[in-house]
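Colleague: These are the residues of each chain, in order.
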Amino acid sequence: MYTKLAWRNLWRNRKRTMITVSAIVFAVVASVFMQSMNRGSHEVMIDNMVRFHTGYIQLQDYRYEDESSLDNSFHYNHETEERIKRVHNRIGEVLPRIETFMLAGDDASIRGALVLGIDPDKEHAFNRIRDHLTEGSFFGLNDQTVVVSEGLARRLGLGVGDQLLLLGQGRFGMTASGLFEIAGLMQHPLRDMNNQTVYMALPAAQNLLSADEYVTAALIELTRENAAGTVAAALSEEFADDNLIAWTWPELIPELLQLLEFDLVGAYFMSGVLYLVIGFGFFGTILTMTLERMREFGVLLSVGMSRRRLASVVFLETLFISIIGVAAGVAAAWLIIYYFYLNPVQLTGDVAETVIEMGWDPVLPMSFAADQFYMQGIIVFLLAMVVFLFPLVKVFKLNILEAARR
Amino acid sequence: MSIVKTENLSKVYNPDTVPVHALKDVTLSFEQGEFTSVVGPSGSGKTTLLNMIGGLDKPTSGSVEIDGFVITGLKDSKLIDFRLNNIGFVFQHYNLIPVFTAFENVSFIMLLQKRDKKELKQRAEELLKAVGLGDRMDAIPSKMSGGQQQRVAVARALASEPKFILADEPTANLDSEAAMNLLDIMEVMNRDKNITFIFSTHDQRVIDRARRVITMVDGAIYSDEVKEVALVNN
Ligand SMILES: Nc1ncnc2c1ncn2[C@@H]1O[C@H](COP(=O)(O)OP(=O)(O)OP(=O)(O)O)[C@@H](O)[C@H]1O
Ligand SMILES: [Mg+2]
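For the protein sequence lines, the chains are A and B, in the order given.
Those letters in the first sequence? Residues 1 to 406, by my numbering.
Those letters in the second sequence? Residues 407 to 640, by my numbering.
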């Protein structure tokens with residue numbers, strides 16, 4: 001009957017209840033939306049980083065971390081690949097890469113460049129690298145041509161069909177130099193890399209660097225992202241005798257993660273402001289709602305309802321309101337975010353240009369991660385409950401006569 | 407033994423700013439089965455007196471004893487419990503729970519007393535029939551007339567089987583027909599079940615039906631008359 005009382009009280013003033021519920025719905029939607037936008041852009045960043053730079057897991061010589069030199073590369077062939085794949089059933093493709101810094105240019109100008117030897121087909125399957133081609137074509141595994149990132153090509157004043165000189169050091173101090181035809185130009189999705197990257201086929205790179213059958217890293221694709229930790233541990237164990245170690249992506253890009261973390265602090269602050277606004281909004285509603293009902297409370301106490309009982313009825317009411325509001329809010333947020341997830345907001349004007357400049361799609365990415373729905377739901381729910389403490393306090397402090405006189 | 411006794415009861419509102427002496431040294435006693443009206447001009451202290459007796463307010467000095475039990479100085483939670491099991495209330499503004507039906511309003515009190523569900527249902531029905539609302543048990547207060555609501559309030563007050571019923575101007579918001587009807591019901595309860603009623607009023611026709619009339623002026627008892635033959639009046 002107490003539940004009945006609470007439930008009916010809720011619908012006694014339908015309008016007021018609806019207003020409160022809408023406020024909660026709005027709060028949930030707003031906070032999920034904000035989170036989603038923040039996390040969306042971060043997810044895109046991390047995704048690009050992982051796909052084009054680090055992979056989910058990298059198998060490296062354990063010395064490579066301290067000294068990223070070709071001397072710390074490791075032997076890799078088809079058997080190595082098979083061995084890696086056998087370690088864990090969550091392992092998908094294995095992408096061998098050889099990576100080193102060289103000088104790149106022609107007789108007119110020269111610049112530092114990151115030279116990456118890759119398997120173009122595997123790479124494309126993993127990160128759709130060919131889609132980022134802006135001009136020309138991509139090399140095949142056995143070609144001797146290169147693809148240069150646009151930023152670097154522009155600085156060097158080179159285009160498709162031109163010859164690129166690469167100059168540097170191979171394994172164990174061997175001189176490495178060669179002339180390669182530029183087969184294509186690409187827009188690299190990572191801004192830093194767009195200004196300095198040269199892609200070439202793995203065998204060509206190994207040849208150039210006197211490192212036949214050697215790679216600096218093997219990137220491991222996972223069929224389930226969250227298996228990174230266990231897979232990495234298994235790999236490290238399997239290849240311990242070969243002096244290899246497996247790093248997970250968060251270990252490989254701590255700076256980026258720190259940066260994003262820092263960015264999130266700002267986002268949390270904004271969320272905090274939002275919560276504050278929401279909280280005060282609730283408080284206003286609850287305040288009038290409670291004051292309106294003082295008399296009713298007074299009567300209930302007069303006729304012998306204990307304060308604890310009354311408080312639990314009022315608490316039930318707020319619980320109902322909060323649950324309804326949060327549930328509706330999460331549902332609404334889910335629908336809205338889902339919509340934007342399928343139809344991302346297109347950016348226009350200066351913003352769009354800046355974003356394209358940075359190598360990203362001119363859309364507002366939205367995260368669809370499940371946890372933000374229930375996290376924000378829970379936060380708003382707790383917030384509502386805290387605000388709703390006010391009527392409870394009132395019930396315990398209420399002077400019966402004063403209340404009944406209203 | 408008296409069912410209610412007050413001993414030198416005084417109440418001063420706002421003692422620190424503008425003191426109002428609402429009750430001055432009131433010593434009274436009420437016996438089981440009384441049908442008593444407290445009358446007096448506005449501001450004379452009727453409500454204050456009833457609030458003291460009902461344990462809704464604390465006296466500045468003096469004490470209230472109910473059925474041999476001193477309630478003055480009881481803890482708030484103890485008082486609430488005491489009221490629930492010993493005193494029935496009917497207020498001027500019908501104080502029913504708006505979202506509950508007449509039946510639920512009456513049974514609610516018994517639920518607070520943790521009574522047996524079946525007994526509770528039966529008793530609520532009986533009481534509502536007794537106040538002439540056997541056919542309105544499922545109506546909510548806003549769908550009932552003032553007189554009907556006040557009768558539900560009486561049924562509710564009786565439900566807890568209190569030692570006595572306090573009613574502060576129960577007829578003030580009723581037209582005279584509904585007022586007389588309410589009085590009839592109270593009288594029947596008083597006569598047949600020996601229920602003690604203490605009510606305040608301004609209405610001369612209600613005063614006429616009381617068997618004891620306590621007149622207050624300025625917070626003090628001005629007169630206290632017992633009319634043994636008042637019942638003839640009908
Ligand atoms: N909470 C309060 N604070 C200050 N003064 C009060 C308070 N309650 C009552 N009074 C004063 O105490 C006196 C007695 O008031 P009370 O309400 O008991 O009178 P009453 O006889 O019930 O009047 P009425 O017939 O108008 O209901 C009045 O002067 C009133 O103004
Ligand atoms: Mg009064």
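Simulated from the structure, these hints should not be mistaken for lab results.
Note that CB positions come from ideal geometry on N, CA and C, so glycine has one too.
Some hints could be false.
Stated by the list, open to error - Now the in silico label distances, taken between C-beta atoms and shown as ranges:
1) A:Glu402 / B:His608: 35 to 41 Å
2) B:Ser629 / A:Trp7: 33 to 39 Å
3) B:Ser483 / A:Glu292: 43 to 49 Å
4) B:Ala545 / A:Ser306: 23 to 29 Å
5) B:Asp422 / A:Phe280: 31 to 37 Å
6) B:Lys484 / A:Ala370: 16 to 22 Å
Colleague: Now, for every hint given, state plainly whether the structure supports it.
Modeller: Okay, the hints, checked on the actual structure:
no. : hint                            : verdict
1   : A:Glu402 / B:His608: 35 to 41 Å : 23 Å, violated
2   : B:Ser629 / A:Trp7: 33 to 39 Å   : 51 Å, violated
3   : B:Ser483 / A:Glu292: 43 to 49 Å : 25 Å, violated
4   : B:Ala545 / A:Ser306: 23 to 29 Å : 28 Å, holds
5   : B:Asp422 / A:Phe280: 31 to 37 Å : 35 Å, holds
6   : B:Lys484 / A:Ala370: 16 to 22 Å : 51 Å, violated
Violated hints, listed in ascending order, are 1, 2, 3, 6; each of the other numbered hints is respected by the structure.
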